[in-house]
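Sequences and hints are given; from them, build the entire structure.
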Amino acid sequence: DHPPVPFREVNLPQKLRFRYHTNGKLHLGNYRSVTATRIMKASPACIREMKKTADALQLAGHRRIQL
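Residue numbering for the sequence shown is 1 to 67, as defined by full-length UniProt numbering.
Among the hints, erroneous ones may be present.
[Claimed, not checked] Estimated spans, in silico, between C-beta atoms of each pair:
{"hint": "1", "residue 1": "A56", "residue 2": "D1", "range": "35 to 43 Å"}
{"hint": "2", "residue 1": "G61", "residue 2": "V10", "range": "15 to 23 Å"}
{"hint": "3", "residue 1": "D1", "residue 2": "G61", "range": "16 to 24 Å"}
{"hint": "4", "residue 1": "R64", "residue 2": "D1", "range": "41 to 49 Å"}
{"hint": "5", "residue 1": "A45", "residue 2": "D1", "range": "32 to 40 Å"}
{"hint": "6", "residue 1": "K15", "residue 2": "E49", "range": "34 to 42 Å"}
[Claimed, not checked] Heads up, simulated SDA-like pairs for lysine to any residue below, C-alpha to C-alpha not over 25 Å straight-line:
{"hint": "7", "residue 1": "K15", "residue 2": "G61"}
{"hint": "8", "residue 1": "K52", "residue 2": "P3"}
{"hint": "9", "residue 1": "K51", "residue 2": "P4"}
{"hint": "10", "residue 1": "K15", "residue 2": "P4"}
{"hint": "11", "residue 1": "K15", "residue 2": "H2"}
{"hint": "12", "residue 1": "K15", "residue 2": "R64"}
{"hint": "13", "residue 1": "K15", "residue 2": "S43"}
{"hint": "14", "residue 1": "K52", "residue 2": "R64"}
{"hint": "15", "residue 1": "K15", "residue 2": "T53"}
{"hint": "16", "residue 1": "K52", "residue 2": "Q14"}
{"hint": "17", "residue 1": "K15", "residue 2": "P3"}
{"hint": "18", "residue 1": "K51", "residue 2": "D1"}
{"hint": "19", "residue 1": "K15", "residue 2": "M50"}
{"hint": "20", "residue 1": "K15", "residue 2": "L57"}
{"hint": "21", "residue 1": "K15", "residue 2": "A56"}
{"hint": "22", "residue 1": "K15", "residue 2": "L59"}
{"hint": "23", "residue 1": "K51", "residue 2": "R64"}
{"hint": "24", "residue 1": "K51", "residue 2": "P3"}
{"hint": "25", "residue 1": "K15", "residue 2": "I47"}
{"hint": "26", "residue 1": "K52", "residue 2": "P6"}
{"hint": "27", "residue 1": "K51", "residue 2": "G61"}
{"hint": "28", "residue 1": "K15", "residue 2": "I65"}
{"hint": "29", "residue 1": "K15", "residue 2": "P44"}
{"hint": "30", "residue 1": "K52", "residue 2": "R63"}
{"hint": "31", "residue 1": "K15", "residue 2": "D55"}
{"hint": "32", "residue 1": "K51", "residue 2": "V10"}
{"hint": "33", "residue 1": "K15", "residue 2": "Q58"}
{"hint": "34", "residue 1": "K52", "residue 2": "P4"}
{"hint": "35", "residue 1": "K15", "residue 2": "R63"}
{"hint": "36", "residue 1": "K51", "residue 2": "I65"}
For the record, the hints were derived by calculation from the structure and aren't laboratory data. A virtual CB, placed ideally from N, CA and C, is assigned to each residue, including glycine.
Next comes the structure, spelled out in structure tokens:
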């Protein structure tokens with residue numbers, strides 16, 4: 001058995017800026033420094049859920065920057 005991992009509070013700005021791009025592969029801001037974009041190929045379900053998430057964040061007032 002393992003001890004529980006403590007929860008860490010994260011302080012985020014009121015409004016986020018996020019970007020995403022899908023073209024059969026999933027690209028997130030954190031992956032911009034990866035030169036081999038073939039590393040992560042997103043499934044259609046993953047692309048669909050990323051779009052839902054991006055839409056929900058935009059409706060909540062966050063800024064979407066589409067690549």
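Taking the hints in turn, this is what the structure says about them:
no. : hint                  : verdict
1   : A56 / D1: 35 to 43 Å  : holds, 36 Å
2   : G61 / V10: 15 to 23 Å : holds, 19 Å
3   : D1 / G61: 16 to 24 Å  : violated, 43 Å
4   : R64 / D1: 41 to 49 Å  : holds, 43 Å
5   : A45 / D1: 32 to 40 Å  : holds, 33 Å
6   : K15 / E49: 34 to 42 Å : violated, 22 Å
7   : K15 / G61             : holds, 7 Å
8   : K52 / P3              : violated, 35 Å
9   : K51 / P4              : violated, 33 Å
10  : K15 / P4              : violated, 31 Å
11  : K15 / H2              : violated, 36 Å
12  : K15 / R64             : holds, 11 Å
13  : K15 / S43             : violated, 29 Å
14  : K52 / R64             : holds, 12 Å
15  : K15 / T53             : holds, 15 Å
16  : K52 / Q14             : holds, 20 Å
17  : K15 / P3              : violated, 34 Å
18  : K51 / D1              : violated, 38 Å
19  : K15 / M50             : holds, 18 Å
20  : K15 / L57             : holds, 9 Å
21  : K15 / A56             : holds, 13 Å
22  : K15 / L59             : holds, 12 Å
23  : K51 / R64             : holds, 11 Å
24  : K51 / P3              : violated, 36 Å
25  : K15 / I47             : holds, 23 Å
26  : K52 / P6              : violated, 30 Å
27  : K51 / G61             : holds, 16 Å
28  : K15 / I65             : holds, 13 Å
29  : K15 / P44             : violated, 28 Å
30  : K52 / R63             : holds, 15 Å
31  : K15 / D55             : holds, 14 Å
32  : K51 / V10             : holds, 24 Å
33  : K15 / Q58             : holds, 10 Å
34  : K52 / P4              : violated, 31 Å
35  : K15 / R63             : holds, 7 Å
36  : K51 / I65             : holds, 12 Å
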